[in-house]
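J.: Listed here are the chains, written in short residue letters.
Protein chains: 2
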Amino acid sequence: MELLSYLTMFVSVSVIGMMTTFIMFGMIARRAVTDTKVAKIGLLIRQGAMAFLRKEYTILLAVIAVAFVALTLVFNLLAAGAYVVGALSSMLAGFIGMRAATIANERTTMAAKDDGEYAAFLTALFGGSVMGFVVASLGLLGLGGLFYFFVGSGAENFIQLVTCYGLGASSIALFARVGGGIFTKAADVGADLVGKVEMGIPEDDPRNPAVIADNVGDCVGDTAGMGADIFESYVGSCIAAMVLAFEGHAGNLLYVSLPIVLSAIGLMGSVVGLLSVFVVRTKLSAMLHNATYVAIALFVAGAYKYIMYTGLEMALFYSVLLGGVSGVVVGLLTDYYTSGKPVRELAEASQSGAATNLIYGLALGYESIVFSVMALAGVIYLSFVYGGGLYGVSIAAVSMLATVGITMSVDAYGPIADNAGGFSEMAGLGSKVREITDRLDALGNTTAALGKGFAIGSAALASLAMFAAYCKTAGVAYLDLLNPVIISGLFIGGVMPYLISALTMRSVGSAAWKMVEEVRRQFKEIPGLMEGKAEADYERCIQISTTAALKEMFLPAMLTILSPIAVRLIFGASGKEALGGFLAGATLSGILLALSMANGGGAWDNAKKYIEAGNFGGKGSEAHKAAVVGDTVGDPFKDTSGPSLNILIKLMSIISLLIATL
Amino acid sequence: MELLSYLTMFVSVSVIGMMTTFIMFGMIARRAVTDTKVAKIGLLIRQGAMAFLRKEYTILLAVIAVAFVALTLVFNLLAAGAYVVGALSSMLAGFIGMRAATIANERTTMAAKDDGEYAAFLTALFGGSVMGFVVASLGLLGLGGLFYFFVGSGAENFIQLVTCYGLGASSIALFARVGGGIFTKAADVGADLVGKVEMGIPEDDPRNPAVIADNVGDCVGDTAGMGADIFESYVGSCIAAMVLAFEGHAGNLLYVSLPIVLSAIGLMGSVVGLLSVFVVRTKLSAMLHNATYVAIALFVAGAYKYIMYTGLEMALFYSVLLGGVSGVVVGLLTDYYTSGKPVRELAEASQSGAATNLIYGLALGYESIVFSVMALAGVIYLSFVYGGGLYGVSIAAVSMLATVGITMSVDAYGPIADNAGGFSEMAGLGSKVREITDRLDALGNTTAALGKGFAIGSAALASLAMFAAYCKTAGVAYLDLLNPVIISGLFIGGVMPYLISALTMRSVGSAAWKMVEEVRRQFKEIPGLMEGKAEADYERCIQISTTAALKEMFLPAMLTILSPIAVRLIFGASGKEALGGFLAGATLSGILLALSMANGGGAWDNAKKYIEAGNFGGKGSEAHKAAVVGDTVGDPFKDTSGPSLNILIKLMSIISLLIATL
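Line by line, the protein sequences are chains E and V. Counting with my numbering, you get residues 4 to 665 for the letters of the first sequence. Counting with my numbering, you get residues 4 to 665 for the letters of the second sequence.
Mixed in with the good hints there might be a few duds.
Put simply, identical chains are the same to the list, so a pair is met inside one copy or across any two.
[Claimed, not checked] Dumping the calculated BS3-like pairs for lysine-lysine here, alpha-carbon to alpha-carbon at most 25 Å: (1) 622 <-> 554; (2) 554 <-> 344; (3) 527 <-> 628; (4) 517 <-> 58.
No wet-lab data here; the hints were simulated from the structure. Being a predicted model, the structure only gives us computed values, none of them experimental.
Build out the structure end to end from the sequences listed, making use of the hints.
T.: Pasting the structure below:
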């Protein structure tokens, strides 16, 4: 194919994706919000989220400006420009997705009230799909454009440009994930500690001053943060594959373009998958699963056609298949550990108190990673041996993420359904509406596991591919584990995820503590608040989360960015090798920790919900109190520290890759 | 030197060590136990401990018998014999040390009552020193004997023999650590959950039916388990160094014998260090520290003399120095994180409840490993580059453990002082005695950190040295981290510590749950128990811990033993390389997890004690309740799962090494 044909393909698929985005956006926005309470709460949340995002983005723009100058000096203006495009794309994806989520929240509630379950389900799903498709379309456009304009400008230059583009996406993702994660969990933990534990009022009760901040947090953390996160995984895995195509296949355009082509095929499959919910109407949970499976099946079939058509080796198709299938496998394992038998055992163990709940929950998180990581090890091995070497491994990573449009839609559906429940509670819409939103929420918890599986699995494969790309680019022929320089690097890299986890968890802890004090103060000083006669000062709580998030996101992010550079410099002549060991250590320890945190946190959350459903004494029982403690500890695990590590391992790799191009 | 001179040296130093052991044993045993209540409780604990050990050892003898047959078939009778000697030595060390501890407990209490603080201090220290010196003497004797009789029988044969000897020590250590760890924490957690949390009675209260089981647990877990653990580290690091001496120095006897000679010098230094407490009488805490520093200084000086005298290269002395100094550094870091400012912050955070205490404690554990692991990375790098290559790294490991006689004495002092407090409480000896034992206990908490630093640091270095020895012996010239076989191995190895932690933590959780039910039952069914008029059925509680420990120790131990063999076989032709990656992954992830668990657990324990000392509301406050939850979660962290991982990484290496000799 000629370059122009590629561009035509990428742009048209991207446009189809964008159109899908806008249609979905339009479909949710056209629903009228007739309930004044819902409208008022919606406005509060939107305002809070926008206020936070405005401040956060102001800071990020300053970061981008500094990075632009630095990259111009170290590399050149073009590279710095690519960085800015990557960074702004990430911010844009996060912004649009979050905007859609804040609108979809209230509309889902209204749909549940006015038109029942199916309408509410579709509204939440379409709200989530905006995020999914904007990420896929923007990524495709950016990478496609870079490919068209610069692939002919020489391997070195092209690698540098796409890496800078990826760095833009990664660095913004880390800030957004850490900042959003601290915001949301400070509010959530703070709200729970006083509201549920001390005052005994239910979740999402409008009397709780932190309740709006909690909902804002869901938007800026779970949605905007996640969007930026997945965007960077998506482009990161493509970049690694393109770099390896230059190393292993001498820059043959068929190989260099393959990751972007696969992404395009996956996006088309995702569009069809999403449309399938209109065609086949069945049980809601089956519809969500079907949409994913349809997209994956179409993607695999399309990839097969393309590989046959272009005469690429069949081995690469095996990698495509491995990537697609293993994502589902990891997802199902995640599902089992976060909503299957282990969760019921965890709930049962809660009967002997918080300590037992904690011990079991931590053990569950540890155990849950065993098969997933072994599955990933299997994919790495098989896609290398049968799927075309290191390039094959990177193609497996790309394939896992190619259907990001739909997997991400399903994932983003969860927080929207969750928040819709909050709306119906806060606006007092009655138990019938609440029942609907509760069912939709429960649905989201199970299907989100599938999305998480893809996110974590792909992060592991993508960072490995990037690690390999680094070594090839840096001219490190092999990384001998018997070389103490590399062992030292491995150890230093291994502690980084622990350090970042410690910092982010403590940030959540201290911000939550401030939130607790503020909520206690309001209950004490605002007369009539507890009786529901006076209104809480929601603004102050939002302010506390905002300040904490913006202040505390810097240190973890800067440590992540600077540590690879420091290792490269400190080890002097053997810095290249030490950095290789460092990346391997950070990747291994990061994946293990991130996965166990994500699963443990999810299980604690669902164990609490299981008890709330009336098991082991139900709400208010000793078991429930213990489960609330576990859930609170799990919050920063699954929504702050764990996701931050996902980005950390990729960001470190991409920075190293960039250093290597120097 | 001739072989006979070596033997003379090893045997005489070992005899000096044994004599020290017996003198110490005699010094504590000759004190009369005049208080009948103390005598009765002491008898109960001794009987419980012996009953458990009898059952455990019966099982272990069966394990040894099976291993003997297997090793005879796969290797030969001699190798199987070496295994048995190693295994029995480990059991003997654990037994003698524990026996001394059970006697020293009550004598320390009596000394506090009859002769005051200094006498009690000495009794506890001497009790601990039995363990320290029996470990060092037995290890020296075993290794010295193997060296004398078999070093001339060819490299391959000798390596096989010492490895089998080490395997005996390691496999028993794992069983003892896991079994003892489950026993002690099931009792401890069970006793606390009902006693402190539900019934509101103090720690060590004789009305609590699990209180004797708790004290028995301290003996079989903290003392016997730890003795077997350190014994295997001690011989393991020597074995790795000897194997590397064959690889790097063609079996030159000066190099092969150096690790044993260093151990002998360290043992002499330890004897002098222990005696220093008679000579320089100052603040008790200073005396404990001085004893350690004197021993290390003498060891380093002696090693210098020996290296000069024999004309070995100066580089090896640098490794000796690095090993000695870095042990202290890691110990001081451990001390800071388990009793310094971070602990006070953790106590402060407890004010907002259990969840915050947990979040901060986990974060503390994660953060605490950063500098320690970096220090270890530095030692690895420096001892390789300046200290004689991989052999130098192994010499650093040996040096860290050479003064095990004294570091272990100080470490074992802790549980004895702790238990003495329990005795004075249970026997109702009044507040004056309790104050003395409390002070001695507090002292133990800080100085034990130093010992823990040595144990963990040396485990890391020893397993790395063993890992290198494996690669050399297996003929793996280099382990390329870019080879997906090795990456797969790295991932699979990385999850093993998580799996073992999950299993051991859940074992503690479920056994503690049974204990809780039994204690609740007794309080309900035994009339007058709560009022102190009736006696609890201690036996039943001991029984529960015993059954759980013996049943649950199998799976983790067998998984540890079989997984390296499985990896070697499953990966077929590339099994050697995969196993190398597997070991590296298990070592990295095991060290990170073990260290963070040990420090986190220690910090939770001390934060609780800090609050009990009257801070943040003192005993009975909300902060205290939260801290008790943290302490309970920390219990299996620091005394079951964490220590098990220390052994796991070495046992896996030694099994791999043994496979490689085939």
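J.: All hints are to be evaluated individually against the structure, with a verdict given for each.
T.: Status of the hints after comparison with the structure:
With identical chains, the CA atoms of residue 622 and residue 554 are never at most 25 Å apart, being 36 Å at best within one copy and 35 Å at best between copies. Only between protomers do residue 554 and residue 344 lie at most 25 Å apart by alpha-carbon distance; the minimum there is 23 Å, versus 40 Å within a single protomer. In the homo-oligomer, the alpha carbons of residue 527 and residue 628 lie at most 25 Å apart both inside one protomer (23 Å) and across protomers (24 Å), since each shortest distance falls under that limit. With identical chains, the CA atoms of residue 517 and residue 58 are at most 25 Å apart within one copy only, with a shortest distance of 20 Å there and 53 Å across copies.
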